[in-house]
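*Asks:* Respectively, the protein sequence lines represent chains E and R. Letter 81 of the first sequence, counting from 1, is numbered 81 in this note's numbering, and no numbers are missing. Letter 195 of the second sequence, counting from 1, is numbered 195 in this note's numbering, and no numbers are missing.
Note that these hints are calculated values from the structure, not bench results. Do not take every clue at face value.
Remember, identical chains collapse to one label, so a pair may be satisfied in a single copy or spanning two.
Simulated crosslink set (SDA-like; lysine to any residue; CA at most 25 Å straight-line) [claimed, not checked]: (1) K164 with Y105; (2) K213 with L188; (3) K213 with A251; (4) K164 with I66; (5) K164 with G69; (6) K164 with P107; (7) K164 with D108; (8) K213 with G275; (9) K164 with I174; (10) K213 with A240; (11) K86 with D100; (12) K164 with A132; (13) K213 with E237; (14) K164 with F122; (15) K164 with E114.
Here the structure is a predicted model, which is why all the values come from computation and not from measurement.
2 protein chains.
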Amino acid sequence: MTGDRPPTIIRRSDEMRQRVRAAQAAGERVGFVPTMGSLHAGHTSLVERAASDCPAVAVSIFVNPIQFGPQEDFDRYPRDLAADCKRLAPHSVRWIYAPDVSEMYPPDHATRVEVAGPAEPFEGQLRPGHFAGVATVVCRLFHCVPADAAYFGAKDWQQTLVVKRMVADLGLPIDVVVCPTVRETDGLALSSRNAYLTAPQRQQATALSTALKQAQSDWQQGHAISDIEHRMAAILEAAAIAVDYATVVAADTLEPLAPSDQTTAAIALIAGRLGETRLIDNLSLPPRTQSPC
Amino acid sequence: MTGDRPPTIIRRSDEMRQRVRAAQAAGERVGFVPTMGSLHAGHTSLVERAASDCPAVAVSIFVNPIQFGPQEDFDRYPRDLAADCKRLAPHSVRWIYAPDVSEMYPPDHATRVEVAGPAEPFEGQLRPGHFAGVATVVCRLFHCVPADAAYFGAKDWQQTLVVKRMVADLGLPIDVVVCPTVRETDGLALSSRNAYLTAPQRQQATALSTALKQAQSDWQQGHAISDIEHRMAAILEAAAIAVDYATVVAADTLEPLAPSDQTTAAIALIAGRLGETRLIDNLSLPPRTQSPC
Numbered sequence: 001m002t003g004d005r006p007p008t009i010i011r012r013s014d015e016m017r018q019r020v021r022a023a024q025a026a027g028e029r030v031g032f033v034p035t036m037g038s039l040h041a042g043h044t045s046l047v048e049r050a051a052s053d054c055p056a057v058a059v060s061i062f063v064n065p066i067q068f069g070p071q072e073d074f075d076r077y078p079r080d081l082a083a084d085c086k087r088l089a090p091h092s093v094r095w096i097y098a099p100d101v102s103e104m105y106p107p108d109h110a111t112r113v114e115v116a117g118p119a120e121p122f123e124g125q126l127r128p129g130h131f132a133g134v135a136t137v138v139c140r141l142f143h144c145v146p147a148d149a150a151y152f153g154a155k156d157w158q159q160t161l162v163v164k165r166m167v168a169d170l171g172l173p174i175d176v177v178v179c180p181t182v183r184e185t186d187g188l189a190l191s192s193r194n195a196y197l198t199a200p201q202r203q204q205a206t207a208l209s210t211a212l213k214q215a216q217s218d219w220q221q222g223h224a225i226s227d228i229e230h231r232m233a234a235i236l237e238a239a240a241i242a243v244d245y246a247t248v249v250a251a252d253t254l255e256p257l258a259p260s261d262q263t264t265a266a267i268a269l270i271a272g273r274l275g276e277t278r279l280i281d282n283l284s285l286p287p288r289t290q291s292p293c
Numbered sequence: 001m002t003g004d005r006p007p008t009i010i011r012r013s014d015e016m017r018q019r020v021r022a023a024q025a026a027g028e029r030v031g032f033v034p035t036m037g038s039l040h041a042g043h044t045s046l047v048e049r050a051a052s053d054c055p056a057v058a059v060s061i062f063v064n065p066i067q068f069g070p071q072e073d074f075d076r077y078p079r080d081l082a083a084d085c086k087r088l089a090p091h092s093v094r095w096i097y098a099p100d101v102s103e104m105y106p107p108d109h110a111t112r113v114e115v116a117g118p119a120e121p122f123e124g125q126l127r128p129g130h131f132a133g134v135a136t137v138v139c140r141l142f143h144c145v146p147a148d149a150a151y152f153g154a155k156d157w158q159q160t161l162v163v164k165r166m167v168a169d170l171g172l173p174i175d176v177v178v179c180p181t182v183r184e185t186d187g188l189a190l191s192s193r194n195a196y197l198t199a200p201q202r203q204q205a206t207a208l209s210t211a212l213k214q215a216q217s218d219w220q221q222g223h224a225i226s227d228i229e230h231r232m233a234a235i236l237e238a239a240a241i242a243v244d245y246a247t248v249v250a251a252d253t254l255e256p257l258a259p260s261d262q263t264t265a266a267i268a269l270i271a272g273r274l275g276e277t278r279l280i281d282n283l284s285l286p287p288r289t290q291s292p293c
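Based on the sequences and whatever the hints tell you, model everything.
*Replies:* If you want it as structure tokens, here you go:
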């Protein structure tokens, strides 16, 4: 779908909220794609999905300081609003909400939305405060952009669980829609952080999706979870990727699966570091019918 | 103002939200009074204020388990929905939102809204988790009852600061209105917990407002803050009230005041225990013009 007119860039939450409410009062369903900018085809796939569901689409662009740790890449995270607007131009986006930090976080702000449960393992352990930063900004964004549905990429699987948990627990009146990961032709999941990779690292990085595809194949053949996990780690290490985790867990809760569990939907999750750059990826593993070896 | 028709009791958040949205779509401003039931004239003063501002008023009645500590009075907290409805009958209340615990907290709920800043001292120190429980339930209630304005009593002064902080930080589109404390003729602030007092304790409890009035007089006469605090504590102790705190701080931040500060609005805050019953109260101290002694 092609945009009829260029999106309006909105800086103030009051104006953003009024525009969304006015569209809803006119009977339009509003879709919302929250982003940190540096948009790629993964983001535009979310926009396309939102536009297919909703006549009015808002995209937010906000690099959220409170979801970055002190040693993380907040300062070097790529920011280019003009390029982002250009990338959105072919798509049906009515509003780009681009607040600055002072609009999102008032002086003396002191509130955090803390999620336990699915926010605790993996990224929660390795990036203390990250998911509180995500949940807090998403909660605030859902007040600034009170859309009917919000669209998130499955690439950040744990994040989607955290957002869904928060929405259910706080009774936020919004549908959370999780959309498929978009990949390069060689399998690498699109990520704004791929821009950090050197040419050799970019080659190495294909090991992430290779490991996940191996896990999917091994899972379908009934291998034991511990064997699947070891094989994923071995593939990453062979590509000189430092493994943060390579695991198979329950898709909805991220809890360990019993070896005999044949019916729970599972997910393979991996995180690894190439030099200064940290990448994550995942692949769904449908309930399997064969017994584990 | 007298109610034209009895309020509708609503149990489900979806229905509650739809009714509020429909009233707003019809151009009506909606006022909201969140309560834990056991309604008294303090609550009905909030309802009266809401009704004077808004043609449509919602009152919620929900004893929120997560704002009580494990040793606190959740189990014995008074609950009588029929009596509460009767007390609201003479007032202009359109809806009573009375969810049960399972409606408010889904299975596996794992989200807390944590406020630092004004939530940290006093009640925050003495009742760990209390304000997270308050902020979480108020945030959720504001999603279930998306009113234009919410009304809180100044008697729970620190709570009003926590709610205002959360509303500002999360960008909740609701006005927080703080209304004066309602008192018995002998000065005791109305509280659902007054019902726990024995007849002799009820007599002792007047010392709370006596101490606050003394503080106000001492403040106006320019006494030093430490002297004012000691005198409040002495009045409470003379009435055999175990003092949790008796303090004078900045009204907006609850931070200590410099002895030479003449311009900051202050507040006297006290908390004390009579047997098993814990009571709090406060009194505003306007900026004083006289120098401290």
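*Asks:* All hints are to be evaluated individually against the structure, with a verdict given for each.
*Replies:* To see whether the hints hold, each was checked on the structure:
1. K164 with Y105: Both: 23 Å inside a chain and 14 Å across chains, each within 25 Å.
2. K213 with L188: Result: close within a single copy only, 11 Å intra versus 70 Å inter.
3. K213 with A251: Within one copy, since 16 Å is at most 25 Å while 60 Å is not.
4. K164 with I66: both (20 Å within a copy, 21 Å between copies)
5. K164 with G69: within (23 Å within a copy, 27 Å between copies)
6. K164 with P107: So K164 and P107 pass the 25 Å test across copies only (13 Å; inside, 28 Å).
7. K164 with D108: Classified as between; 12 Å across copies, 28 Å inside a copy.
8. K213 with G275: within (23 Å within a copy, 66 Å between copies)
9. K164 with I174: both (10 Å within a copy, 24 Å between copies)
10. K213 with A240: within (18 Å within a copy, 72 Å between copies)
11. K86 with D100: Within one copy only: 20 Å inside a chain, 49 Å across chains, cut-off 25 Å.
12. K164 with A132: Both: 14 Å inside a chain and 20 Å across chains, each within 25 Å.
13. K213 with E237: Within one copy only: 16 Å inside, 72 Å across.
14. K164 with F122: within (17 Å within a copy, 34 Å between copies)
15. K164 with E114: Answer is both: 13 Å inside a copy and 19 Å across each meet the 25 Å cutoff.
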